[in-house]
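Please build the complete structure, drawing on both the sequences and the hints.
Heads up: the sequence lines are chains A and B, in that order.
Per our numbering, residue 1061 is the first one in the first sequence, and the count goes up by one each step.
Per our numbering, residue 1061 is the first one in the second sequence, and the count goes up by one each step.
Hints were generated in silico from the structure; no laboratory data involved.
Among the hints, erroneous ones may be present.
Intra- or inter-copy, both count: the list cannot distinguish identical chains.
Restricting the straight-line Cα-Cα distance to at most 35 Å, the calculated cross-link-like pairs of lysine-lysine (DSBU-like) are [claimed, not checked]:
#1 K1395 x K1109
#2 K1295 x K1395
#3 K1295 x K1323
#4 K1295 x K1169
#5 K1324 x K1176
#6 K1395 x K1169
#7 K1384 x K1169
#8 K1176 x K1109
#9 K1323 x K1169
#10 K1109 x K1172
#11 K1172 x K1295
#12 K1172 x K1323
#13 K1234 x K1395
#14 K1295 x K1109
#15 K1234 x K1324
#16 K1169 x K1109
#17 K1323 x K1109
#18 K1384 x K1109
#19 K1109 x K1234
#20 K1324 x K1109
#21 K1229 x K1295
#22 K1234 x K1176
#23 K1384 x K1176
#24 K1234 x K1295
Number of protein chains: 2
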Amino acid sequence: MTTPASTRPYNFSAGPAAIPEEVLRLAAADMLDWHGSGMSVMEMSHRGKEFISIYERAEADLRELLAVPPHFRILFMQGGGLAENAIVPLNLSGGTSADFVVTGSWSQKSLKEARKYCTVHVAASTEADGYTTLPDPAGWQLADNAAYVHICTNETIHGVEFQILPDLKALGSKAPLVIDFSSHVASRAVDWSRVGLAFGGAQKNLGPAGVTLVVVREDLLGHALPACPSAFDYKTVADSHSMYNTPPTWAIYVAGLTFQWLKKQGGIAAMEQRNIAKAQLLYDFIDRSQFYANRVAPSCRSRMNVPFFLRDESRNEAFLAGAKDRGLLQLKGHKSVGGMRASIYNAMPIAGVQALVNYMQEFERTQS
Amino acid sequence: MTTPASTRPYNFSAGPAAIPEEVLRLAAADMLDWHGSGMSVMEMSHRGKEFISIYERAEADLRELLAVPPHFRILFMQGGGLAENAIVPLNLSGGTSADFVVTGSWSQKSLKEARKYCTVHVAASTEADGYTTLPDPAGWQLADNAAYVHICTNETIHGVEFQILPDLKALGSKAPLVIDFSSHVASRAVDWSRVGLAFGGAQKNLGPAGVTLVVVREDLLGHALPACPSAFDYKTVADSHSMYNTPPTWAIYVAGLTFQWLKKQGGIAAMEQRNIAKAQLLYDFIDRSQFYANRVAPSCRSRMNVPFFLRDESRNEAFLAGAKDRGLLQLKGHKSVGGMRASIYNAMPIAGVQALVNYMQEFERTQS
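Have a look at this one:
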């Protein structure tokens, strides 16, 4: 394995997260004059032909990358996943009820927020085992008439990831599946035949914070509760091509550059292979080690977010300080879980994971 | 008057709008490595010390610039003015009623959206004169028990601007005044003793699209309706220092650079003097001309947004094409008003206004 030369540190932040260097260089180069327009992208009217061209290319590239079928609409919204926790039930619940599969902090937050708008029902939960597994869909207690079923397909904090989307029809439910795919979007293929709506903040795998991706099946548009703000009514957003309110133009532009970069890397299938290799490298090392540990059941482990612990937690600060000295940044775990977390999104090259593993080995040697 | 050399065109977009060149250069220079952190600002965890330092400086600089009193909180939100049209009544109306003074497209939109959450009452309207004047506060029909009174202090589309904020107490109302100051924030001082809440999208005078400024008196926090999404509950946002959901970090950073630039320009008082001079230069020229016209009553004219018309509208396209050739961009008027519009926000130097006037003279000569 060769390690390409890089002068930039490796950034393991869970989000906002690393952005491909090539994307940052393009954004910097075009800052004062985008393609001869005389304007920064930040200075363009969102209704002018320059920004419309940026927007349309971003949408088309994303549709191609994620193989989004024609009967799904792609929306670029604001407020991130936490806002979508309200916006989804405002649009889809009809004030009735929704099923939730609780597998970590994010699905738990989604459930809590939905209570404002509808009756919530826990179809399954792994709280009892500290969110280190995923519940077998065959055992989910799905309600007969839920307006939708919500799952978080990659739990950023707890590091569990659905490897296969549940087939709700096969489980006897007619409800559309809503997936929060914030922290693994574009890292693997999506089986849209099993999905009604997918949402995700961009700041993990798509670009900068400030834009939220929503991919929604057309038949789910137009059912918002009266209390839904117009700017967050999916139908209003879809009808106006995400320009009912001024869109976050810069964030969409940088996401669009990231989509172009992803295509140059070979698209999602190629990224998925790299992500499998990166995750395997890190998990294999941790599993072989007596010094580090990951607590998630192997079949449920996230390819994107790898929480791990030093068996002697008194060495955490020394580990982080040494990592920073070696250009390995933002490895501190989420405060609710503790320990360390390496987020290894698309923009993290395998050389960065190798550098982390090398450091972990080195640190272990110096401590024992 | 000297015209500084510049190779960039002058951008008269109503928003997203021109950003000071110095701000763009700083943003480009720090793109791959902000202050030796090894990260782009877009790549930083919003909870890390680097971004916290950016955030805290931006907030402190803005508080100083706008002389925001200590009993007001500064929030950075998402969704722009159109989202605030729902978020304000969700937080302040208590489901009762609110007064609206309708002076153009934006206050009209605010009124319409508030109907979802409370009874709305038109205290005054200038619709009958095509939104070319402002109603004398002495004649406003204020309700006895409105939860708040909403005005748009600068109507971006119609080009009318309140030169003095109404004193609701003197008018016999106990309601807090809500001002939509999106398109003239930071162009002039604000008399906070007359304001309960102010909101504005950043993309006119503060920075890029994607961040919304809210300045709210503390006693107005904590009264949100149950249907208010947590991410848009002012108290939740205030308690979490605008980090309940991941904030639009890049947009806050660029707004912060703009605040630093404003301070170097001499602050709001100095900007206000320049804005007066810029507006006077353009309005005086239009008023002396037989070829161009502005329809707004002189005492109500906006210093920021100057809609104007060619008396012979068949020449509009030729005017716009010639302007673009001379590096005078985005002058086309809003489709609901027609004609032209020159938005001359803080980032527009007087040299740009002079260049526009010069071109308008030249165009008139060549056409007659």
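Now for the hints, and whether the structure bears them out:
1. K1395 x K1109: Classified as between: cross-chain Cα gap 15 Å, same-chain 45 Å, threshold 35 Å.
2. K1295 x K1395: between (37 Å within a copy, 23 Å between copies)
3. K1295 x K1323: within (29 Å within a copy, 42 Å between copies)
4. K1295 x K1169: both (25 Å within a copy, 18 Å between copies)
5. K1324 x K1176: neither (43 Å within a copy, 46 Å between copies)
6. K1395 x K1169: within (16 Å within a copy, 42 Å between copies)
7. K1384 x K1169: Within one copy only: 31 Å inside, 50 Å across.
8. K1176 x K1109: between (40 Å within a copy, 34 Å between copies)
9. K1323 x K1169: Intra 33 Å, inter 40 Å, cutoff 35 Å: intra-copy only.
10. K1109 x K1172: The answer is between: 29 Å across copies meets 35 Å, while 42 Å in one copy does not.
11. K1172 x K1295: So K1172 and K1295 pass the 35 Å test inside a copy (25 Å) and across (18 Å) alike.
12. K1172 x K1323: neither (37 Å within a copy, 43 Å between copies)
13. K1234 x K1395: neither (38 Å within a copy, 45 Å between copies)
14. K1295 x K1109: For K1295 and K1109, only the intra-copy Cα distance (24 Å) is at most 35 Å; the inter-copy one is 39 Å.
15. K1234 x K1324: neither (38 Å within a copy, 61 Å between copies)
16. K1169 x K1109: between (39 Å within a copy, 25 Å between copies)
17. K1323 x K1109: This pair counts as both: shortest intra-copy Cα distance 24 Å, inter-copy 34 Å.
18. K1384 x K1109: between (44 Å within a copy, 14 Å between copies)
19. K1109 x K1234: Result: close neither inside a copy nor across copies, 42 Å intra and 47 Å inter.
20. K1324 x K1109: both (25 Å within a copy, 34 Å between copies)
21. K1229 x K1295: within (25 Å within a copy, 41 Å between copies)
22. K1234 x K1176: This pair counts as both: shortest intra-copy Cα distance 23 Å, inter-copy 31 Å.
23. K1384 x K1176: Neither, since 42 Å and 51 Å both go past 35 Å.
24. K1234 x K1295: Result: close within a single copy only, 22 Å intra versus 38 Å inter.
Going down the numbered hints, you'll see the structure goes against 5, 12, 13, 15, 19, 23, while the others check out.
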